[in-house]
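Line order of the protein sequences matches chains A and B. Position one of the first sequence corresponds to residue 0 (numbering that gives the first Met the number 0), numbered consecutively onward. Position one of the second sequence corresponds to residue 0 (numbering that gives the first Met the number 0), numbered consecutively onward.
Hints are computed from structural coordinates only; laboratory data are not their basis. Note that beta-carbon positions come from the ideal geometry of N, C-alpha and C, so glycine has one too. A few of these clues could be false.
As a list, the in silico DSS-like pairs of lysine-lysine whose alpha-carbon atoms are at most 30 Å apart [to be verified]:
| hint | chain 1 | residue 1 | chain 2 | residue 2 |
| --- | --- | --- | --- | --- |
| 1 | A | K123 | B | K205 |
| 2 | B | K103 | A | K7 |
| 3 | B | K248 | A | K92 |
| 4 | A | K7 | A | K123 |
| 5 | A | K92 | B | K229 |
Here are the in silico distance ranges between beta carbons for each label pair [what the hints assert, rightly or not]:
| hint | chain 1 | residue 1 | chain 2 | residue 2 | range |
| --- | --- | --- | --- | --- | --- |
| 6 | B | F121 | A | I106 | 35 to 45 Å |
| 7 | A | I188 | B | C191 | 47 to 57 Å |
| 8 | B | T145 | A | Q195 | 29 to 39 Å |
| 9 | A | D197 | B | D118 | 34 to 44 Å |
| 10 | B | D281 | A | R189 | 40 to 50 Å |
| 11 | B | F121 | A | A101 | 45 to 55 Å |
| 12 | B | K224 | A | K155 | 46 to 56 Å |
| 13 | A | P21 | B | K204 | 41 to 51 Å |
Negatives, chain B to chain A, calculated, CB over 10 Å [as the list claims (entries may be wrong)]:
| hint | residue |
| --- | --- |
| 14 | P62 |
| 15 | Q66 |
| 16 | E96 |
| 17 | H107 |
| 18 | D164 |
| 19 | E182 |
| 20 | H192 |
| 21 | Y206 |
| 22 | L209 |
| 23 | H213 |
| 24 | L214 |
| 25 | T219 |
| 26 | N221 |
| 27 | G300 |
| 28 | K301 |
These are the residues of each chain, in order.
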Amino acid sequence: MNYGQRAKELLLDLKRSDFMPPYNDETVRAALSEINLHFDELHDQAVASRRANPGSDNIPLNSRPALILHDASIRRNKRCLLAYHAYRLEKLKRLRWDTAAALPSHIKSLLSEAEVDFYMDYDKLVSRFNEGLGGLDLNSNLQPPEEDLIEVRVVKAGLGTIVTDYGGEVSLELGTTHFLSRGDVEHLIRQGALQQLDGEETA
Amino acid sequence: MADFDNLLGDLEEETQPTLSPSASVQDPDTNADDNNEQENDPPDAGNEANNDELNNEDGDIIPAALQEALLRQENRIYDDTQSFTQEDNEQEAGESEDYRALKKMWIHELNTTELGNYDEEFLNDLLEIMQNTDDMVEDLQEQGRTGADPTLASIAASICKMDFDRISFVLSDFMRVRLEKIEKYTLHNRDCHDRMSNMEIEYHKKYSRLFQSHLERTVTDNLRKEAWRKLDEPEMIDRPNLDTFVFCKVVGEEGIVVDNWEGMTISAEEEEEDELRSQPFDQGAHIFVRYRVVRELVQNGKVELLM
Numbered sequence: 000m001n002y003g004q005r006a007k008e009l010l011l012d013l014k015r016s017d018f019m020p021p022y023n024d025e026t027v028r029a030a031l032s033e034i035n036l037h038f039d040e041l042h043d044q045a046v047a048s049r050r051a052n053p054g055s056d057n058i059p060l061n062s063r064p065a066l067i068l069h070d071a072s073i074r075r076n077k078r079c080l081l082a083y084h085a086y087r088l089e090k091l092k093r094l095r096w097d098t099a100a101a102l103p104s105h106i107k108s109l110l111s112e113a114e115v116d117f118y119m120d121y122d123k124l125v126s127r128f129n130e131g132l133g134g135l136d137l138n139s140n141l142q143p144p145e146e147d148l149i150e151v152r153v154v155k156a157g158l159g160t161i162v163t164d165y166g167g168e169v170s171l172e173l174g175t176t177h178f179l180s181r182g183d184v185e186h187l188i189r190q191g192a193l194q195q196l197d198g199e200e201t202a
Numbered sequence: 000m001a002d003f004d005n006l007l008g009d010l011e012e013e014t015q016p017t018l019s020p021s022a023s024v025q026d027p028d029t030n031a032d033d034n035n036e037q038e039n040d041p042p043d044a045g046n047e048a049n050n051d052e053l054n055n056e057d058g059d060i061i062p063a064a065l066q067e068a069l070l071r072q073e074n075r076i077y078d079d080t081q082s083f084t085q086e087d088n089e090q091e092a093g094e095s096e097d098y099r100a101l102k103k104m105w106i107h108e109l110n111t112t113e114l115g116n117y118d119e120e121f122l123n124d125l126l127e128i129m130q131n132t133d134d135m136v137e138d139l140q141e142q143g144r145t146g147a148d149p150t151l152a153s154i155a156a157s158i159c160k161m162d163f164d165r166i167s168f169v170l171s172d173f174m175r176v177r178l179e180k181i182e183k184y185t186l187h188n189r190d191c192h193d194r195m196s197n198m199e200i201e202y203h204k205k206y207s208r209l210f211q212s213h214l215e216r217t218v219t220d221n222l223r224k225e226a227w228r229k230l231d232e233p234e235m236i237d238r239p240n241l242d243t244f245v246f247c248k249v250v251g252e253e254g255i256v257v258d259n260w261e262g263m264t265i266s267a268e269e270e271e272e273d274e275l276r277s278q279p280f281d282q283g284a285h286i287f288v289r290y291r292v293v294r295e296l297v298q299n300g301k302v303e304l305l306m
């Protein structure tokens, strides 16, 4: 009698993985069919006990435990499934707020269709909210501003040149170090193209 | 906003001895430029005042308008040092009312799990002020590149920019925290629309529809019976935890009385010990309580949450 094992597997999957495991379509479907099996059992039991006691609305005491058990396992499975999906959605939302970028392909392969759709729609929703604020970009300024100008080193090749706030052009070649204003380079640091130096490095 | 006159005034006083007399020759020109710009811009008033001090040092003839500006600046410094002693030690002189109010709202949102009240007017004003500051920063940067007094303008530009960054960080963090709460307690917030701005209400509706349809598509639509498809049964709704502990400070004049047992079930014997139930606190006291106990008082403004 292993009611709820499949659902438990799903949750253990989530717990064991770093960011997200690939969407376990099979197990989800197995859990859903388990629910349906329970439902069938429940239905049969109810019908049978109704037939055994014709004319009374109450279900006899000796068939109640079975009904309660099936109902409880249905609820349990449902709760596990919902938790699994909700957890994955939370991770996707966090991804969107951290990077504000389109879905990278190595993550896209981990998601189900519905989740890809969710990501697109969520992205659209947040971007529209941003525009409505007018001038205040909710995706910048994630950390309290400490200094105005920071020192950065280029760690990714092929970035080209950027135009800074003050109007100068800076060419970002691999390995060069620059002293630039925070607003210009913050999004590049978040993408990982630049590395922030805090002045403590030697040489 | 940073009080520009004082900031630039301090700067000037430190560097005065090193300024050469030739600098003062340029002053009439830059003053003419500054006078042409809007009177309201604080950096311009600061510029005028600084140039005044230069003139005084060299003993040149001071035009009447500049003399007035000098008097104005001196009076303002005097007023600010007065108010400095009256304000709290933690607050710096020159922080504007707006910024302080914004900071208080921000700290409040950070410390509670439920959504705080939204002051629509105030925040719209702030957004406008921010846009104006942004324009001012760009203006100053232009001046810094091409104007008559580039060093002063670019210092003013970077100070202004720092101030702008500071306010925009607080404002965007405030918005982000609210959005996070709206998303986290979606079902509970259906009843809290009176605490949200119009944009947030729209966001909330769209987000809950999106979330719900995703869950329906993947889970509940595959269940047979209608009754099990419900996603918002009372026990399924996440409610914000009002029993978290918060640091707060009493600001109401008469002090407050706190009912420590609020929200907790009391056994028969303890009900008789009435003195332990309500505890009075004077103004200025700092207390550490469950949020539920001071919730009403916070909403009335008698108690302030601290970081």
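Each hint, compared with the structure:
| no. | hint | in the structure |
| --- | --- | --- |
| 1 | K123(A) <-> K205(B) | 11 Å, holds |
| 2 | K103(B) <-> K7(A) | 45 Å, violated |
| 3 | K248(B) <-> K92(A) | 35 Å, violated |
| 4 | K7(A) <-> K123(A) | 33 Å, violated |
| 5 | K92(A) <-> K229(B) | 24 Å, holds |
| 6 | F121(B) <-> I106(A): 35 to 45 Å | 40 Å, holds |
| 7 | I188(A) <-> C191(B): 47 to 57 Å | 36 Å, violated |
| 8 | T145(B) <-> Q195(A): 29 to 39 Å | 32 Å, holds |
| 9 | D197(A) <-> D118(B): 34 to 44 Å | 38 Å, holds |
| 10 | D281(B) <-> R189(A): 40 to 50 Å | 47 Å, holds |
| 11 | F121(B) <-> A101(A): 45 to 55 Å | 36 Å, violated |
| 12 | K224(B) <-> K155(A): 46 to 56 Å | 54 Å, holds |
| 13 | P21(A) <-> K204(B): 41 to 51 Å | 32 Å, violated |
| 14 | P62 | 34 Å, holds |
| 15 | Q66 | 35 Å, holds |
| 16 | E96 | 20 Å, holds |
| 17 | H107 | 17 Å, holds |
| 18 | D164 | 5 Å, violated |
| 19 | E182 | 7 Å, violated |
| 20 | H192 | 16 Å, holds |
| 21 | Y206 | 6 Å, violated |
| 22 | L209 | 5 Å, violated |
| 23 | H213 | 5 Å, violated |
| 24 | L214 | 6 Å, violated |
| 25 | T219 | 8 Å, violated |
| 26 | N221 | 5 Å, violated |
| 27 | G300 | 26 Å, holds |
| 28 | K301 | 29 Å, holds |
In this structure, the hints that do not hold are numbers 2, 3, 4, 7, 11, 13, 18, 19, 21, 22, 23, 24, 25 and 26, in rising order.
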